[in-house]
Amino acid sequence: PDLPEPYNNLAVLHASAGRLERAREALDVALRLDPAYRTAHENLGDVLVRLAQRAYEAAAAGGQSEPALQAKLRLVRDLAARR
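If you count by my numbering, then the sequence shown holds residues 5 to 87, one letter each, in order.
These are calculated hints, taken from the structure and not from any lab test.
Derived lysine to any residue pairs resembling SDA-like cross-links, with alpha carbons at most 20 angstroms apart: (1) LYS76 - ARG54; (2) LYS76 - VAL53; (3) LYS76 - GLN57; (4) LYS76 - ALA65; (5) LYS76 - LEU52; (6) LYS76 - GLY66.
For clarity, every value in this text was computed on a predicted model and none was experimentally measured.
Put together the whole structure using the sequences plus the hints.
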């Protein structure tokens, strides 16, 4: 469809199931259809925060981590908790 809302809704379903890459793809489609769609922009931000959290957690799982990495991890965890 040429409407962005179904793609946004699909993204919400994917994100709630932990399929963050698929959620991001659906939000990209929604925003291509309507670049001013604020809800999709906000949802994309939430998905990207969760993806960042996964990446930082994977980096920290490798053993001794740098203070900067720990600070970034705290920041994204705080952001993720606020959504």
